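Undergrad: The listed protein sequences derive, respectively, from chains D, U, H and C.
Quick note, the first sequence lines up with residues 16 to 547 if you use the numbering used here.
Quick note, the second sequence lines up with residues 28 to 308 if you use the numbering used here.
Quick note, the third sequence lines up with residues 83 to 898 if you use the numbering used here.
Quick note, the fourth sequence lines up with residues 251 to 355 if you use the numbering used here.
Take these hints with a grain of salt, some might be off.
Some chain C residues near chain U, calculated using beta-carbon distances under 8 Å [stated by the list, open to error]:
| # | residue |
| --- | --- |
| 1 | Pro257 |
| 2 | Ala265 |
| 3 | Val275 |
| 4 | His303 |
In silico SDA-like pairs for lysine to any residue, Cα to Cα no more than 25 Å straight-line [stated by the list, open to error]:
| # | chain 1 | residue 1 | chain 2 | residue 2 |
| --- | --- | --- | --- | --- |
| 5 | D | Lys200 | H | Val834 |
| 6 | D | Lys529 | D | Val179 |
| 7 | D | Lys529 | H | Leu111 |
| 8 | D | Lys332 | H | Trp301 |
| 9 | H | Lys738 | H | Pro573 |
| 10 | H | Lys303 | D | Ile472 |
| 11 | D | Lys332 | H | Leu317 |
| 12 | H | Lys525 | H | Ala696 |
Since the hints were derived computationally from the structure, they do not count as laboratory data.
What you are looking at is a predicted structure, and each value in this text was computed from that prediction instead of being measured.
Note that CB positions come from ideal geometry on N, CA and C, so glycine has one too.
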Amino acid sequence: MDHPTTSTLLTWMTFLPLGGAALILPLLLLRASGAVTKELGDQICRVIALTASGLVLVLGFVLWRSFDPSNPALQFVQHGRWIPAYNIEYFVGVDGISITLVMLTALVSFIATIASMPWWPGNTHLDEHHFTQHGVPGYMAMLLILQTGMIGVFVSMDMFLFYVFWEVMLLPMYFLIGIWGGARKEYAAIKFFLYTLAGSVLMLLAIIGLYFNGPQELMDGRLVHTFNMIKMAQWGRAGGYAAAPLVLGFQFVRIAWIALFIGFAVKIPMFPFHTWLPDAHVEAPTPISVILAGVLLKMGIYGILRINYAILPQATKWAAAAMAVFGTINIVYAAFVCLAQKDLKRMIAYSSVSHMGFCLLGMSAFTQQGIDGAVLNLWTHGLISPMLFLIVGVIYDRAHHRNIEGFGGLAQQVPEYAGLLGLAFFASLGLPGLCGFVSEFTVFLGSLVQWQLLTIISALSVIITAAYYLWAIQRMMLGKLNPAYATMPDVNWRERLTLYPLGALIIVFGFYPKAIIDLIEGSLRNLILPLQ
Amino acid sequence: MATASNLRGWLVRLAVLALGLFGMAGAAGLHKFAHLGLGLTLFLEYLAITCVVWGINGFVLRTLPLRGVLLLVFSAAAFGVLFLLAYFLRSVMAPFLFDAAGRFIGLVHLVDLAFYLFAVMTIAGAAGCAFSRNIIYSAWSLLFAFMGVAGLYVFLGADFPAVAQVLIYVGGILVLILFAIMLTKQIGGDPKLTNAHLALPMGAALAAATVGTLTYMAVMAPWKIQAAPSYEPVSGALGVAFLTDYLLPFEVASVVLLAALIGSVIIARKEIKETSDAVSP
Amino acid sequence: MEHELASQNEAVARAIEVSWLWLIPVFPLLGSALNAFLGLRLQRAYGKRVNHAIAVGAMLLSCMVAEIAFWKMFVAAPQDRFFENHLWTMWQSGSLQVDLSFGLDPLGMMMTMIVTHVATLIHVYSTGYMADEPAYWRFFMWLNLFVFSMLLLVMGSNFVVMFFGWEGVGLCSYGLIGFWYEDLTKASAAMKAFVVNRFGDFGFIIGLFILFWSLSGVWSKTNQYLPERGLGSALVRGTSPEPARVSGSGTTLGPTLEFRELRNQVSDESTGMADRLKGMTLWGFPVLALICILFFVGAAGKSAQLPLYVWLPDAMAGPTPVSALIHAATMVTAGVYMVARLNFLFALSPPAMTVVAVTGVLTALFAASIGFFQYDIKKVLAYSTVSQLGFMFIGVGVGAYWAGVFHLMTHAFFKACLFLGSGSVILACHHEQDMRKLGGLRKYTPITRWTYLAACWAIAGFPWASGFYSKDEILWKAWTADGLSAPWIGPAIYVLGAIAALGTSFYMFRSYYMTFTGEYRGHGGHEDKERLEDPHAMAAHSHADAAVQAPSSAAAVQQVAATDVAHQHDHSHSASPAHDDHGAAPAHDDHAHDAHGHGGEPHESPSSMTYVLAVLAFAAVVAGFVFGWPAAWGGGHEPALERWLAPSLPAAEHVKFRELGHGTEYLFQFFGLAIASLGWFAARVLYLDNQSTAPARLKEMFPRAWSVVFNKYYVDEAYQATVVRGSLVLSRILYWLDQNLIDGIVNGVGFVGRSVAYVDKVIDERFVDGAVNGLANLTWNSGKQLRRLQTGHIQSYLFGALGGAIAFVIIQYVIR
Amino acid sequence: MSSIGLPHFLIVGAALFALGMVTVVTRRNAVGILMGVELILNAANLNFIAFNHFVATPGSLAGQVFSIFVIVLAAAEAAIALAIVLAIYQTFHTIDVQDTDLLRQ
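With the sequences and hints as input, model every part of the structure.
TA: Next comes the structure, spelled out in structure tokens:
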């Protein structure tokens with residue numbers, strides 16, 4: 016495995032937010048000592064958070080520009096010894112699978128940070144109803160730590176490091192939902208935590224199993240196993256894990272695959288493990304929902320690709336049909352459930368479940384188009400669902416409820432908002448010209464070869480999708496104006512700052528998704544090569 | 028509220044309901060005796076059930092808008108469910124049910140049944156006495172406990188103690204208790220006040236431990252059970268015993284009774300006096 | 083032999099790069115963007131003329147470019163009539179390459195001309211019709227966006243760009259049907275249109291995928307996909323093969339989305355692609371039939387064929403210019419256009435052709451029969467549109483592609499004219515659409531009357547008017563068709579189609595007579611009786627009223643004169659007198675509507691509308707013999723349009739027709755004339771001046787049949803009861819399961835976890851902490867505990883005693 | 251032959267005893283406590299008679315005699331105790347044993 020260039024870019028991207036969080040701590044002391052007033056302290060925290068994630072976004076842009084699409088191998092690699100006893104390294108790098116997700120994380124986190132600001136150009140006073148009026152430093156610190164965790168998950172190439180970041184990302188999320196959340200926040204947070212923890216415990220077991228059955232290498236005079244994912248992948252492709260002893264009479268690879276898959280499926284979330292998502296979304300504050308839908312859901316798919324696909328190809332082949340079936344269930348089931356929703360945010364949460372099903376279906380076909388579409392769908396859904404949740408946040412800030420039936424005729428009162436909502440909804444229901452369509456098209460094209468029936472069933476769900484989105488539009492926006500909202504203000508500048516960039520990107524990538532697919536295609540071809 | 032119209036409606040519903048029931052029975056009968064074809068029978072049953080559903084719909088499940096096609100579909104579903112249920116019971120469950128019932132009846136002796144009856148009565152009464160929030164209820168459930176115990180005496184061939192139990196406990200002590208309750212005029216009122224508990228969980232835990240232990244002992248201990256317990260009446264023998272072997276205790280007991288009599292009278296008098304001179308000035 | 087050679091030349095189409103084709107669609111896009119972002123401000127600042135100046139200007143520019151392109155193509159040699167303009171590659175994934183590129187061949191050119199020009203006319207017309215619309219800018223924004231999408235559809239050089247347009251026009255029709263969205267019935271009509279179209283799109287997409295993969299591999303008996311060497315790569319499925327196979331005629335084989343490359347691969351025999359496809363089966367079906375039928379499902383959705391036609395009649399909720407442009411002239415013909423575009427595929431599969439033709443004729447008959455008894459003038463036209471689309475599908479189905487396209491063109495003219503005429507009538511009678519309340523408009527609106535008559539003449543198929551040529555050509559081809567799966571199908575189609583044509587002529591003239599002859603029945607109380615006896619008239623009427631009050635309530639939001647807008651609201655559900663003060667309401671700037679102010683008298687529409695009507699009527703009359711002069715009538719060559727379209731329709735050579743003499747053709751043309759006159763005569767007898775009582779008597783004679791047909795065979799109700807309700811119920815059930823079953827399990831698990839955690843905590847506190855603190859606090863605590871024992875309550879002592887005893891017993895005997 | 255043996259009665263007795271004990275220990279009402287005592291006595295009686303029936307040598311009636319004595323004493327005890335209760339009620343105007351804890355001072 017050649018490491019073309021060693022670069023600290025990824026390290027900077029990963030730990031810059033953590034540095035910001037560290038800056039916030041002394042501020043707390045100052046505030047406690049009374050040297051800084053509460054208001055000033057809060058403002059400083061906000062500025063710190065904005066700066067940190069903004070810098071990360073800039074670095075992400077740099078990363079994108081200086082990434083070489085023609086090279087499917089790892090890039091921006093950095094090695095460092097961490098725990099020599101178990102040969103655990105600090106080993107980061109990106110390839111086509113993770114580059115888009117790192118960029119996505121930087122973008123979405125920045126937008127979420129903007130969305131958590133109670134002030135914006137054009138209004139002089141802070142708006143009192145904003146949810147981050149209490150515990151601003153804590154909130155911002157959590158946000159930054161979360162960002163570190165997320166980027167770390169995507170860039171770490173050492174499985175132990177990967178797991179550490181995975182858990183690091185878990186805790187801030189728990190607190191962000193549990194402290195700044197809505198009415199049933201404790202329930203939602205506990206649910207989220209239990210689910211993900213259960214998943215990651217299985218994952219840990221599997222990882223340890225992979226470690227001890229994995230390749231060995233000579234390090235300072237003794238044979239040690241390695242957590243290095245690249246080496247594990249080579250070992251796995253060479254069929255090294257097939258030699259592992261049986262577990263409970265099952266092949267080790269299958270057990271490990273299933274354990275890992277469940278761990279990741281919780282995050283996707285996949286059908287039987289999906290119920291934490293609606294609750295978490297409904298209770299979480301808007302920026303957190305944005306991050307949750309925009310980035311966290313992608314980690315499941317990313318993990319499956321990075322670990323299950325790369326390290327256990329045989330078991331992946333063995334489980335392909337199951338993945339396809341579950342993907343189809345996700346798509347159709349969640350689409351139907353959306354149709355029954357009264358709560359706008361819950362509906363959108365379920366639509367996320369449905370859209371992540373596309374990824375599963377596309378991945379499981381082992382065709383270039385299928386897997387390209389799956390990873391592209393991570394990106395497009397990562398643009399669309401944050402916009403959707405921001406849209407919900409806008410209406411919730413004004414009406415203080417999310418009941419779809421509770422609105423009506425808003426289109427004439429808030430035309431700009433209606434336009435943005437229409438854009439987001441149509442993007443999510445896969446209107447050509449908006450980026451949602453591209454990934455759906457590619458996924459279905461790729462998966463039809465392998466799973467004709469499942470693909471057709473899933474494709475039928477686009478009708479349901481259109482139905483529930485249009486029905487929601489009709490109930491919220493059309494008809495006579497509900498007099499209760501006759502004075503509802505239209506989108507303000509903070510929301511414009513968050514919504515318009517996403518909308519523009521949605522349109523741009525609707526007509527030029529090549530920018531993304533070119534990045535990912537090489538690595539993905541190598542990834543599915545052993546699966547043919 | 029029963030205006031003529033919906034009164035008529037009810038009557039019609041009732042009539043149709045009855046018609047449906049007769050229809051069901053009649054179809055079944057025709058099938059059994061007149062060897063009506065199965066398909067025709069099922070169809071008749073379906074019609075009958077439709078009638079029944081429509082009739083019932085007027086009274087119980089009003090919320091369903093059962094009319095037109097919906098009615099037919101619904102009653103078809105009901106018919107299917109009933110049919111399956113009947114089939115299940117008749118061909119699958121019935122043998123087991125009969126068998127099980129037979130075994131059960133074979134197992135149970137009437138005597139044992141009576142015993143369990145009394146035992147349950149006793150324990151339930153005691154429990155009521157222990158846990159009821161209202162002391163009046165406690166008293167009354169105490170009555171059941173006493174009666175149950177009396178019944179159990181009979182099982183043990185102790186007729187005289189049984190009678191004594193009923194006479195003295197139920198006839199005497201319980202009445203006394205009720206009197207006391209009334210005199211301390213805490214009838215009814217707030218149950219918490221009349222009969223509050225104190226650390227009930229701990230008490231219950233203690234009781235559980237007690238029961239456990241004693242049961243363990245009762246079951247585990249190697250009692251020297253004698254061959255044939257006797258069930259002769261014992262009154263006479265008891266009388267003889269009191270006047271021969273147990274003469275001294277008998278006298279002492281009577282003295283005790285006398286003392287108790289006097290003592291209680293004195294206490295009662297003192298109380299009356301107190302109240303009286305509490306009133307006098 | 084030389085015929086073979088000719089087909090060779092035509093089979094392989096070489097493209098000429100024309101770098102400015104993208105200008106045609108981009109102007110409407112710009113106009114739409116301008117109106118979208120600045121429209122409201124401009125309208126407030128400078129009035130409405132700015133908005134329509136932008137829109138119409140954009141349309142004129144794109145017309146100009148289109149004409150230049152047309153001229154360039156006209157002068158080119160037939161085999162050079164393939165223009166392409168490749169902008170950029172949108173995405174590329176393995177063997178899938180999607181370009182954003184425009185292509186024009188004669189067929190696309192013709193469609194482009196129709197779209198741009200008819201759309202321009204209708205834009206002009208709308209300036210008059212929508213003059214009192216407050217959300218003027220929004221209307222023209224949508225209209226321009228629609229033209230853009232429609233141009234994408236017809237100019238797209240590959241399936242994906244076509245699909246962009248395909249869904250784009252769906253979106254715009256959603257926005258335009260629901261233009262007056264304050265009225266929920268209109269909004270839900272829009273939603274219905276979009277969702278029903280989604281069924282079609284589903285078929286389109288699946289068919290496209292199967293076609294894509296069939297081009298690069300084969301399906302085994304077990305439906306396993308096996309890439310074929312040189313077409314697909316077996317290394318990583320879905321990637322392009324290293325050495326691509328190239329045919330003798332220099333055509334690159336393999337998966338493609340480009341129409342031209344596909345056409346070259348399929349229609350050029352030397353490549354063998356056609357035979358590959360013919361041989362393939364998937365799930366036991368011949369793949370070609372599967373693909374074509376799936377494509378046709380898409381076409382049926384867009385072009386409102388059975389069973390997906392239900393959205394089109396409801397779509398009449400939109401403003402009338404929209405109905406004319408989208409739901410008559412352009413969008414609904416997209417399906418026909420697609421089938422014609424893919425003629426080389428359909429021609430390979432007789433079953434598919436049969437399905438198309440039969441569906442077409444059934445739709446034609448069905449819709450015509452519904453059209454008989456409608457009272458809402460726009461509904462009549464809507465069903466006539468469905469029926470005419472059926473005729474087009476007969477044409478493209480039996481293999482007479484040019485005839486179907488020809489009927490498409492003529493239909494675009496006369497149906498647009500009819501719709502705009504009905505719009506003019508509706509405007510004249512203050513938004514009254516119920517034909518029983520019209521009538522006698524002859525003297526009030528002469529221009530509208532004459533243009534409407536001309537269009538009826540055309541659609542009914544009288545000689546010298548366009549409908550005659552196109553429709554009779556189609557029916558004649560159906561009679562002689564020989565490429566269908568059974569020989570008797572063609573004649574059967576002819577018979578049914580003839581009946582449908584009779585119906586067409588009847589209900590069109592019925593609408594004409596009911597509307598323009600007799601006395602004006604606009605106001606006066608007697609129609610209340612009718613309403614009572616016929617609820618649907620009521621529905622139609624309230625519909626019309628809603629059409630009135632929607633814009634005014636929009637005005638309520640935007641403009642200051644809220645008071646007498648509210649005043650209109652009170653009235654607008656009552657009969658027409660309300661519409662007068664609606665007209666007089668200052669809430670509308672009377673650009674063209676001063677006539678509105680006068681009492682209930684109908685009035686001729688403004689010139690911006692009448693001119694358009696005149697132009698379209700002229701086109702509707704002359705287009706027929708200009709473009710479709712039959713070969714049988716002398717002139718020595720086949721019709722102009724057929725020659726023009728020949729390069730785009732390579733399959734035309736391969737579809738076989740029985741050779742019959744000119745005499746037979748004359749005979750059939752006479753039949754057509756007879757049928758048209760019969761329909762006209764019947765309508766005249768029954769409905770002239772609204773004198774005859776025959777219709778009412780007929781209605782009484784067959785009340786049940788009448789109501790069944792009048793209620794459109796209850797198809798909508800059936801769909802509502804089955805599909806819509808079914809999916810809703812299913813969704814409820816699934817959500818219930820989700821909440822109770824799955825979540826119940828989860829919560830159970832969570833509860834177990836929590837209780838375990840609690841026990842853990844207790845143990846911690848009691849033992850771990852106890853061990854730590856215990857030693858330190860032992861003496862102190864024990865003292866305190868002992869003191870606390872001294873409560874003075876006998877009960878606690880008793881408790882202790884008994885507890886001790888029990889404990890002793892347990893320790894002594896039980897544990898031992 | 252009935253399958254009811256000694257243990258059954260002993261278990262019933264145990265239950266009676268335990269419940270009575272609960273009553274005695276947890277009641278705050280003096281009369282309630284008295285009832286508990288009665289239950290306990292009944293339990294004792296039951297055991298006496300049961301043992302007498304099953305275990306004792308044939309002909310001996312010791313258990314039943316004891317049960318008679320217990321009943322007698324119970325009657326006496328009840329009379330006295332209730333009188334005392336009334337007295338307590340007169341002095342404290344309550345019969346809640348929690349409030350009558352002179353024993354503490």
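Undergrad: Does each hint hold? Answer for all of them.
TA: Evaluated hints:
{"no.": "1", "hint": "Pro257", "result": "holds, 5 Å"}
{"no.": "2", "hint": "Ala265", "result": "holds, 5 Å"}
{"no.": "3", "hint": "Val275", "result": "holds, 5 Å"}
{"no.": "4", "hint": "His303", "result": "holds, 4 Å"}
{"no.": "5", "hint": "D:Lys200 x H:Val834", "result": "holds, 20 Å"}
{"no.": "6", "hint": "D:Lys529 x D:Val179", "result": "violated, 34 Å"}
{"no.": "7", "hint": "D:Lys529 x H:Leu111", "result": "holds, 23 Å"}
{"no.": "8", "hint": "D:Lys332 x H:Trp301", "result": "holds, 21 Å"}
{"no.": "9", "hint": "H:Lys738 x H:Pro573", "result": "holds, 15 Å"}
{"no.": "10", "hint": "H:Lys303 x D:Ile472", "result": "holds, 21 Å"}
{"no.": "11", "hint": "D:Lys332 x H:Leu317", "result": "holds, 15 Å"}
{"no.": "12", "hint": "H:Lys525 x H:Ala696", "result": "holds, 17 Å"}
Of the hints listed earlier, the one the structure fails to meet is number 6.
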